[in-house]
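J.: Top to bottom, those sequences are chains A and B. Per the numbering used here, residue 2 is the first one in the first sequence, and the count goes up by one each step. Per the numbering used here, residue 694 is the first one in the second sequence, and the count goes up by one each step.
Be aware that one or more of the hints could be misleading.
What the hints assert, rightly or not - Calculated lysine-lysine pairs in the BS3-like style (CA-CA distance at most 27 Å, straight line):
id	chain 1	residue 1	chain 2	residue 2
1	B	753	B	728
2	A	248	B	983
3	B	753	B	743
4	B	983	B	1011
5	B	743	A	255
If you're looking for bench data, these hints aren't it; they were derived computationally from the structure. All values derive from a computational prediction rather than experimental measurement.
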Amino acid sequence: MILLVLLAACAPKQQPAASPTETAAAALPDGKALFARHLEAIGGEAALRSHTNMVQHGTLSLPAQSITGDMEILAGAPDLYYFEFDIPHLGSVEEGYYGHGLGWQKDPMTGPALKRDAELEDVAFRSRFYADAEYADLYTSFQTVGHATWAGEPCWQVTATRTSGRSETHYFSEATGLRVGLQALVPTAMGDIGANLELYDYREEGGFKTARRLVDTKGANQTILETTSVTIDDPNFALPPLPDDVKALVDAQKQ
Amino acid sequence: MALLLVVSCAAKARDRAPRTSVEMETFDYAWRYVKDSVPEGQVDPVAWQKVYDDLLPRAKAADSPDELRPVLSDMLRSLGQSHYTVLSGGVNDALSEVLAQSPQAHSMGGGDPGVDVRLLDHRAIVTHLYQPGPFQLGDAIVSIEGKTVAPWIVRLEDGVEDAWLASAYTRYVVVQAMAAAPAEHVAVVVERGTDTRTLDVTTTPAEMVQGPGLAGPEPLHTEARMISPRVGYLLFDHFLVPVMDRFASALAELRGSGAESLVIDVRGNPGGLVLMVRGIGGYLVGDPDKSLGTMTTQAGTLELTANPPPPAQVFHGKVAVLVDELSASTAEVFAAGLQAIGRARVFGQPSAGRALPSTFISLPNGDILQVATGRLADPSGRTIEGVGVAPDVVVPLDRATLATGRDPVIEAALRWIEGGP
């Protein structure tokens, strides 16, 4: 995620992974079953698949730096995604995946870029609209490694490996089954950057729940994404046209 | 200063608590923030604890931000590195005192006098002309609107412990003193050769930017022109967002004018947004796998890989980069990166050696803490902080040469580009 690159230098002390408590292997629930339980907790596969797009508006803030800006996230089936964050005094940071292997980003400091290699794979992965229902296809292994406290909740900690071979750690609330955390190394053009996400405030819209508050913590710094409005199944849903300079990169790549 | 983000830090003064507890809270917060954010190996935990213990009595006695600030400054100074500062309005005492005497009072009027100056032999010398006007290179600025400059220089040289900062502040206050509102006239007395003359300087509209925190807002300059039939000259004095588009369009314009080689002037450029090295570097390095440096933080090491535009926009000709002692931070990363991968030859004087990624944090008492969050190195792994960029060709500035209307650094770069030594 492009923002992680921007935020990496803001006192980026990697948060230590939550330590799993000693639990007999036999007592641990099956990791894949925990993904299934999360799917049910957000409303179930049928509810999720009954929709085709979602638009979120809200704010992204870095409290320690006193930065808050508007944020927009567009997501559509099967794998369409657009993110924009307007950083005060800096300009817009944009990221998108427009399907068919086209992932891009643009920010006022580095200019436009097409994603490639691991970064492209990652954005394509993150763009899956029905990802919560596709876990069996998106991951090759699910290993529950123990209990942990994450986002203030007792959780099951599951290490899942994507088909690409990348691993990430999911935290599922023991009480609700909802995913309340995720730790992963996110590939960027500059190298991998750690993400330590806490997911809060699940609310239902259109029969399924989404987390309205995401917190990424790095040492003394936090990045907070707050969703203030959600629109589902907008009949006029469309991703913004590619910016001209991104389009120029696409055209150059075709030549 | 290599900022990752330009930050408008809102003061967070807390009025409810008794003042001293706010200052103690601020002291604790700043100490812990540094402890938690400084990359491992950069601060000895035992020594850092001792700094806390030693300064604690003074912090407890502080009853206001003004009283606490010297304590925090001593704390940060013990680190012995750049990019650790505590700011209130962004100025220190000597600078505040000098700015208070400026004919432009406390802030720039939004105009641009059109010159750059350097401290040479304890005098403010005109070293660059951004636009035609009454100044000539090599002019020594004597007074501005009747205010004599020499005492300001003495005060800054005596009152600012860091000689580099004293030099940077001198440049700032002299330009600031001439930066009246656009289209206003400013009387500037200069010494030119053996003459002393009064110049009628008319300011032009300027785009004021908050630079990397040295003193206050300053004009943003970008300049592009042909300096020989096949050599383009491109200057930018900050690594801030507006420069990206201007660099791209200026480069296109120069290429359209026949530029086959390029002189990029980052003398006096204090840096800014370190990620811009990737964007601007991409126009000179077409390979996205090519790194122009590394930024190591506690999250790991990030490669400042080039982010090239479409291939047709990438410039492949010879590149000379000009640096001087006031080229700092991102400007140093940029020059060092291009130099290390053999993409550019560097001319001028050794750069500042003040290159650390940093962030600005609002403190509980309303002051601002600047904290380095990592280290920057060139592609060969050489740390830039404390070392700087060593030019391939060292060219000192001297007033006598400037007074002939020539810039010896540009001339040296041109000689190399055109096949000379």
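J.: Each hint: holds or not?
T.: Results for each hint:
no. : hint           : verdict
1   : B:753 / B:728  : 20 Å, holds
2   : A:248 / B:983  : 23 Å, holds
3   : B:753 / B:743  : 16 Å, holds
4   : B:983 / B:1011 : 17 Å, holds
5   : B:743 / A:255  : 61 Å, violated
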